[in-house]
Amino acid sequence: MLEMNKVAEMENIFNRLETIVSDLEKQTVMLNKNKEQWDKLFSWYFEGSWLQDHDLDETGVFSKKMSCGVLSEDGIYDLYCRLEQLRKDWERFSAFGKGSQNP
Numbered sequence: 213m214l215e216m217n218k219v220a221e222m223e224n225i226f227n228r229l230e231t232i233v234s235d236l237e238k239q240t241v242m243l244n245k246n247k248e249q250w251d252k253l254f255s256w257y258f259e260g261s262w263l264q265d266h267d268l269d270e271t272g273v274f275s276k277k278m279s280c281g282v283l284s285e286d287g288i289y290d291l292y293c294r295l296e297q298l299r300k301d302w303e304r305f306s307a308f309g310k311g312s313q314n315p
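The opening residue of the sequence shown carries number 213 in this note's numbering; numbering runs sequentially from there.
Worth flagging that the hints you see were computed from the coordinates, not collected in a lab.
Fair warning: this is a prediction, and the values are worked out from it, not measured in the lab.
Among these hints, one or two may not hold up.
Pair ranges (Cβ atoms, derived) [unchecked claim]:
1) Lys277 <-> Arg304: 39 to 49 Å
2) Met216 <-> Trp256: 30 to 40 Å
3) Glu248 <-> Leu214: 48 to 58 Å
4) Gln239 <-> Asp267: 19 to 29 Å
5) Gly272 <-> Glu237: 28 to 38 Å
6) Glu270 <-> Cys293: 46 to 56 Å
7) Glu285 <-> Thr240: 24 to 34 Å
8) Glu285 <-> Phe226: 42 to 52 Å
9) Phe308 <-> Asp269: 18 to 28 Å
10) Asn217 <-> Trp256: 35 to 45 Å
11) Phe258 <-> Leu214: 49 to 59 Å
Using 30 Å as the maximum straight-line C-alpha spacing, the simulated DSSO-like pairs for lysine-lysine come out as follows [stated by the list, open to error]:
12) Lys247 <-> Lys300
13) Lys245 <-> Lys300
14) Lys277 <-> Lys252
Just so you know, even glycine gets a beta-carbon here, dropped at the ideal spot from N, CA and C.
All chains, full assembly: derive it from the sequences and hints.
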């Protein structure tokens, strides 16, 4: 009876993780498809004219009706940090099976 419970529990875990991995695979495809967009956004922010565009917004050059969330102080930087954290998490998970016992 204990073995049946254990197998049933493992089946539930397997099914849940199978769904999670499938979802992650789909999202990974989306990230890869949008790589040029990531590069363009981060290049504009870190190496481009983001600061100048931000300053123009501060002086009222852009219409108040124009959506300028991309010019917020932390928006792009926070997005970059979140993506960087995901990268680190994936590195940790990729070590699974290479001498480590758990992801």
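* Asked: Checking against the hints above, which ones are violated?
  -> 2, 4, 5, 6, 9, 10
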